[in-house]
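A.B. asks: Turn these sequences into a full structure, and let the hints guide you.
Each chain, written out:
There are 2 protein chains.
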Amino acid sequence: MTSEDVLTALKSLKIYAATIAHDTTPNAQAWREALLSHSTPFILSKTLAFKPKTPKSDTPVLILVVALESTDTNAAAVNKVMNVKDSRFATPELVKDRLGVAPDDVSPLSITSANASAIRVALDSKLVTSAKPIAFHPSASNKTVFLTSAQLQNYLESTGVEVVTAEFSAATLALVASSEATKASSKKVKEDAKIEGAALIGIDVKKEQDFPNWYRQVLTKGDILDYYDVSGCYIMKPGSYHIWETIQKFFDGEIKKLGVENAYFPMFVSSKALEKEKDHVEGFAPEVAWVTRAGSSDLEEPIAIRPTSETVMYPYYAKWIRSHRDLPLKINQWNSVVRWEFKHPQPFLRTREFLWQEGHTAFLTEKEAMEEVYTILDLYRQIYEDLLAVPVIKGIKSEKEKFAGGLKTTTVEGFIPTTGRGIQGGTSHCLGQNFSKMFGITVEDPKFNGEGEKPKLHVWQNSWGITTRTIGVMIMTHGDDKGLVFPPRVANTQVIVIPCGINAKVTDDDRNAVEYRISRIVSDLCAVGVRAKSDMRDLHSPGYKFNHWELRGVPLRIEFGPGDMKKSQVLSVRRDNGVKTPIALSNVEIEVPKLLETIQSDMFIKAKTVFDSRIKQITEWEKFVPALDSKNVVLVPWCERDDCEDNIKERSSRQPDDTAVDEKAPSMGAKSLCIPFDQPEGIVKGKMKCVACNQDASVWCLFGRSY
Amino acid sequence: MTSEDVLTALKSLKIYAATIAHDTTPNAQAWREALLSHSTPFILSKTLAFKPKTPKSDTPVLILVVALESTDTNAAAVNKVMNVKDSRFATPELVKDRLGVAPDDVSPLSITSANASAIRVALDSKLVTSAKPIAFHPSASNKTVFLTSAQLQNYLESTGVEVVTAEFSAATLALVASSEATKASSKKVKEDAKIEGAALIGIDVKKEQDFPNWYRQVLTKGDILDYYDVSGCYIMKPGSYHIWETIQKFFDGEIKKLGVENAYFPMFVSSKALEKEKDHVEGFAPEVAWVTRAGSSDLEEPIAIRPTSETVMYPYYAKWIRSHRDLPLKINQWNSVVRWEFKHPQPFLRTREFLWQEGHTAFLTEKEAMEEVYTILDLYRQIYEDLLAVPVIKGIKSEKEKFAGGLKTTTVEGFIPTTGRGIQGGTSHCLGQNFSKMFGITVEDPKFNGEGEKPKLHVWQNSWGITTRTIGVMIMTHGDDKGLVFPPRVANTQVIVIPCGINAKVTDDDRNAVEYRISRIVSDLCAVGVRAKSDMRDLHSPGYKFNHWELRGVPLRIEFGPGDMKKSQVLSVRRDNGVKTPIALSNVEIEVPKLLETIQSDMFIKAKTVFDSRIKQITEWEKFVPALDSKNVVLVPWCERDDCEDNIKERSSRQPDDTAVDEKAPSMGAKSLCIPFDQPEGIVKGKMKCVACNQDASVWCLFGRSY
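If you're matching them up, the sequences are chains A and B in order.
Numbering follows this note's numbering, in which position 623 of the first sequence is assigned residue number 625; successive positions increment by one, without gaps.
Numbering follows this note's numbering, in which position 530 of the second sequence is assigned residue number 532; successive positions increment by one, without gaps.
Everything labelled a hint here was simulated from the structure, so no lab data went into it.
Since the structure is predicted, the reported quantities are computational estimates derived from the model, not experimental observations.
One or more hints might be untrue.
To be verified - Ranges of calculated distance between the beta carbons of each label pair, as one might list FRET restraints:
(1) T56/A x A152/B: 51 to 61 Å
(2) E591/A x S700/B: 52 to 62 Å
(3) P94/A x S298/B: 16 to 26 Å
(4) Y376/B x T509/A: 42 to 52 Å
(5) D631/B x N436/A: 49 to 59 Å
(6) D680/A x E370/B: 53 to 63 Å
(7) D680/A x E302/B: 42 to 52 Å
(8) H346/B x N436/A: 32 to 42 Å
(9) V581/B x D281/A: 54 to 64 Å
(10) P347/A x D25/B: 54 to 64 Å
What the hints assert, rightly or not - Facing chain A, according to a computed beta carbon distance under 10 Å, are these residues of chain B, among others:
(11) S272
(12) T294
(13) Q335
(14) W336
To be verified - Quick look at which bits of chain A chain B covers, simulated, 3 or more residues with Cβ under 8 Å:
(15) 220-232
(16) 265-272
We treat Cβ as the ideally placed atom computed from N, Cα and C, and that holds for glycine.
C.D. replies: In structure tokens:
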């Protein structure tokens with residue numbers, strides 16, 4: 003923005019500041035001289051733009067160091083203060099791109115709410131405590147505006163930019179004290195989290211004490227995911243892809259019974275189609291990836307990669323649906339979509355490309371549409387509860403949290419006990435007639451019997467989707483300090499048979515007999531549909547193999563050796579709870595499938611008990627934040643108003659002096675997760691008050707910090 | 003390029019032309035004056051840049067009108083001459099981007115072999131016939147070069163740019179005579195192709211006479227595909243996606259038996275990874291789509307969308323494969339890839355995004371790798387022959403045609419009889435150790451028994467893929483003038499039952515009885531695994547329904563009415579050959595599945611007979627081009643040399659005076675399709691000569707014009 007814009011912006015914030023014009027000042031000396039005529043005392047500032055090392059695929063964040071001209075700042079200090087690596091002076095192109103001005107003209111006043119998200123500010127603590135007005139260039143070096151420290155901070159706050167206050171002391175480069183303290187305490191926790199003597203191949207931190215690190219290790223050491231050189235993208239290895247295939251097989255079979263057919267629409271969307279529905283595109287635009295070049299030629303117009311397919315598909319629905327006889331139209335696709343989020347990415351939970359299915363259906367009536375919404379939502383519940391052994395709560399989203407452009411969003415909400423945060427598990431939307439109006443999807447009213455042309459009806463539409471996030475929720479729910487724990491129904495290997503007790507004293511004959519018997523156990527189990535295999539590697543000890551397969555989450559281990567042979571039994575060891583039970587050799591094909599089903603249901607019950615215990619039903623605001631801080635979600639009487647939801651979010655965010663154990667926890671507050679279908683008791687209008695604003699409550703609503 | 007570059011280029015082509023420098027000439031008048039001092043007669047040219055209307059997703063082609071200054075040119079004339087729509091003057095940005103010069107400085111000499119592919123030239127016929135030297139600006143308006151018409155044409159030819167000679171007569175805007183004649187004769191054929199009295203819902207052209215139009219109609223009216231608003235991308239509707247699901251189910255089951263596991267790698271590739279293998283990236287780079295922007299932020303470095311996943315996956319193979327015990331590694335993925343081709347796109351056959359599977363495996367030895375290559379290739383043959391009833395020929399690709407960066411490419415080659423062109427059906431590559439060397443995928447030699455460190459072995463790799471092109475080949479092979487013809491094994495609906503003979507004379511009781519019996523026929527067929535349904539719509543006549551389902555390719559129709567009821571029979575009508583056979587009601591569940599299998603095998607035999615009859619085994623060059631021109635492929639003794647292949651291509655291209663019936667036929671010549679595994683007879687070295695160059699032949703090779 004121009005310097006005029008800056009001054010206008012200051013005025014609109016009621017920041018009244020002296021401003022003078024002078025010759026262009028190419029350096030501090032010239033600037034100081036230009037200001038000498040000014041009668042009040044002042045102090046010069048400087049604003050330096052740095053770029054830290056950024057993964058190539060990431061949009062680089064610009065760091066603006068805003069300091070007194072006299073403060074000694076340098077890249078090393080910036081790295082330390084901002085917790086980044088290899089900062090360098092930003093190129094003029096990058097500065098121009100982010101702030102619209104040349105590096106010489108940059109000032110904190112170049113930051114606006116429009117560009118703030120890609121900028122971080124390191125604010126010199128000496129500047130903060132300065133008593134004198136500070137001189138800044140308002141985006142041009144031929145003007146100066148004098149701001150007090152408080153005025154500057156007000157301005158920065160108005161833009162929403164992240165500000166870190168820093169002591170640029172050449173001697174220590176220390177962070178300000180409070181921040182340092184947080185870091186030290188967090189470091190201590192991480193040291194406690196280290197598991198003593200953890201096997202080299204195993205997880206070396208505890209889930210409860212260093213959850214982010216645990217999650218990374220459990221995925222990579224458990225051999226189901228690898229990190230990738232494009233940020234926010236991950237490799238799904240066979241171990242996790244198999245779970246997705248299991249979910250696909252179940253869900254695909256169920257929707258085909260409902261008359262849904264699969265199709266494939268292109269991954270590319272023209273900007274014209276993408277922008278057709280206004281609310282919808284506003285919801286997705288900031289995250290859309292654009293293809294602008296093919297080979298070495300620029301495309302005449304950039305093409306978007308679908309973030310979802312409403313606007314890809316509905317122009318064609320308008321063409322295909324000609325009569326009420328074409329209804330219902332029920333199409334699904336299994337594909338990947340791209341949402342280039344700038345938030346912290348996390349494997350499975352938040353990735354820039356993810357796999358999902360998206361169903362898009364059209365009906366003549368609202369009633370039919372809503373019936374399908376609920377049917378699909380229950381299939382999503384079944385995926386979580388019956389396949390993944392993960393409990394969820396079915397409910398409806400608040401107006402604020404519903405799908406952009408839709409009418410009603412129903413959801414299955416999950417819960418990650420270790421962080422106490424809710425997580426959206428899958429959503430089934432009734433889009434109402436909003437999209438059919440935008441895209442002109444109409445049929446003639448079949449019930450119209452009057453004269454003249456039949457009136458047009460806009461169809462009722464649904465869309466519904468579930469993603470590979472399912473896998474992340476499952477892993478976070480069941481995994482333990484030894485690694486992954488897979489529910490039997492989705493485990494690629496359900497049973498691993500390991501030879502034991504084969505030492506130097508064992509004769510070759512006995513060894514052969516054990517090996518033969520093991521191969522029979524495996525083939526007998528496979529014959530009854532159990533996914534079993536053996537680990538006959540000579541290279542490794544039984545103990546090593548136990549760790550190896552525990553890490554990978556195999557639900558049941560069977561140990562078998564010469565001693566077992568004599569007793570005609572095997573020893574089964576459950577992954578979920580470590581319980582060891584001998585099973586008669588003759589009963590293996592009967593007992594093992596039963597045991598797997600028991601494990602499946604025990605895992606669900608265990609997870610459900612935890613989730614239930616973490617839903618705090620409360621009616622007083624005083625208990626709201628403490629409940630969240632104790633890693634719960636809360637079920638509260640609520641008025642369903644948007645501004646009350648905003649207010650709850652604000653009032654439940656962490657305070658600046660909060661030294662949270664989980665550094666990655668969001669500083670933002672709680673949001674509504676869902677209004678559960680299963681309401682604890684009827685809310686009588688006028689009798690029960692909203693937990694936050696004391697107006698009449700209309701529902702019980704689940705609130706929580708969330709992913 | 004600069005004007006110096008232009009003059010150098012002319013010299014290198016041995017085009018010696020007078021050149022003079024003068025003041026910059028902003029218009030024709032100034033130019034004429036600047037040249038007055040020049041002693042020889044000359045005539046001024048003008049070069050105008052137009053851009054026709056272009057689908058937003060396409061790279062726009064620039065049209066350069068090169069004319070005498072006095073010729074009356076305008077956009078309407080350009081549209082007509084170049085067969086495009088809505089041409090306008092190109093923006094200065096576009097001209098600069100394509101030619102590197104400002105519009106005022108443009109001349110035909112701005113065209114180079116590097117930019118020629120995105121340019122078309124409309125050459126004024128008056129200029130062509132000009133006896134005087136013609137004045138051109140060599141990419142700058144302060145210089146003039148004088149060229150004869152022949153010199154100019156030589157220059158243009160050297161760049162490879164497309165040149166259309168045109169009469170810009172204000173009166174007629176007619177094309178030059180020869181071009182006009184071609185068009186007229188082609189128009190006549192198209193009129194013949196119209197099917198007299200074709201039902202409104204049906205295909206209204208004949209397959210043999212207007213194949214491109216027939217193909218478009220059969221896809222859209224057959225309800226399996228729709229055109230999309232991003233060029234080169236298409237919507238696979240349930241009718242075609244079901245075929246893909248059938249292929250997936252078969253192939254996925256087979257490769258899992260071979261120990262292949264599915265995984266999912268990201269669709270994005272960093273440029274660093276993409277460019278790691280040089281030959282490979284050269285093969286794909288011109289077609290790579292680049293994401294450069296997310297939301298409103300430019301990415302620091304563009305990210306490619308995978309055109310294939312070798313370079314996506316192999317850096318991780320290097321990490322995962324640590325020991326010979328990690329081998330073989332066999333991973334497959336079902337995904338979509340993007341190749342932004344600039345050739346004429348065609349649904350299923352050549353699309354910018356397409357669905358496929360790509361298998362990537364690693365072995366310790368070449369022997370194991372090659373075994374898998376052949377096993378997979380035979381699965382591809384089975385997909386074509388056993389599922390799609392499409393004959394293919396298995397063989398190996400020539401060095402010129404093999405996969406970029408690979409060692410050996412095996413292929414199943416198909417054939418489209420209507421155009422007489424070959425088509426690559428699916429490829430299974432042995433990559434050798436090339437990629438493992440580039441990406442450092444090594445294991446220690448397990449056989450090494452010497453002292454010291456074990457030597458490293460580079461693994462042997464394969465990659466193999468088959469795409470949705472399969473569906474296009476199938477449709478082109480079997481479809482007829484009535485629409486699609488699906489082989490029963492891949493048809494979503496195998497049997498359609500249609501009530502017949504229900505007219506005003508039929509009693510309600512009889513009508514109800516027919517309807518009830520039809521519902522039983524359908525349920526009985528479904529019970530024995532036949533995908534059957536009925537069409538009970540009141541709205542339409544049986545005749546309309548016959549057309550409707552014939553268009554959609556349903557393999558078998560069953561007609562049933564009051565008359566059939568009396569005779570306790572149904573009437574079956576085969577889609578493939580129209581044969582009608584009554585079947586006793588009591589035998590329907592037995593006879594229909596048998597009949598479907600007969601249809602499947604008859605369709606294959608029919609297609610195979612045609613293909614076999616179109617493979618001409620010849621040994622004399624004189625018969626080569628005539629055989630191609632009669633819509634055959636040729637099996638010839640060949641020397642396997644690259645330059646001989648180039649030579650064959652050149653010698654078999656169409657001549658300029660060739661007025662081909664199929665306008666879309668490639669003007670390029672034949673290429674090698676494959677060296678069939680099944681060689682007609684041993685070639686004894688020295689005995690048999692290459693069909694083209696008369697050197698010793700080493701193999702029988704299949705050549706043809708191809709897709």
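A.B. asks: None of the hints should be skipped; say for each whether it holds.
C.D. replies: Here is what the structure says about each hint:
1. T56/A x A152/B: 51 to 61 Å: 57 Å Cβ-Cβ, so the 51 to 61 Å window holds.
2. E591/A x S700/B: 52 to 62 Å: holds (58 Å)
3. P94/A x S298/B: 16 to 26 Å: holds (20 Å)
4. Y376/B x T509/A: 42 to 52 Å: Since Y376/B and T509/A have Cβ atoms about 44 Å apart, the given range 42 to 52 Å holds.
5. D631/B x N436/A: 49 to 59 Å: Given a distance of about 58 Å, which is inside 49 to 59 Å, the answer is holds.
6. D680/A x E370/B: 53 to 63 Å: With a Cβ separation near 57 Å, D680/A and E370/B satisfy 53 to 63 Å, so the hint holds.
7. D680/A x E302/B: 42 to 52 Å: holds (48 Å)
8. H346/B x N436/A: 32 to 42 Å: holds (39 Å)
9. V581/B x D281/A: 54 to 64 Å: holds (57 Å)
10. P347/A x D25/B: 54 to 64 Å: At 60 Å between Cβs, range holds.
11. S272: holds (5 Å)
12. T294: T294/B check passes; min Cβ-Cβ to chain A is 5 Å, inside 10 Å.
13. Q335: This hint holds: Q335/B lies near chain A, its Cβ roughly 8 Å from the closest one there, short of 10 Å.
14. W336: Holds - the Cβ of W336/B comes within 10 Å of chain A, reaching about 9 Å at its closest.
15. 220-232: holds (count 4)
16. 265-272: Holds, because 8 residues of the region 265-272 of chain A bring their Cβ atoms closer than 8 Å to Cβ atoms of chain B.
When each numbered hint is compared with the structure, no violation occurs for any of them.
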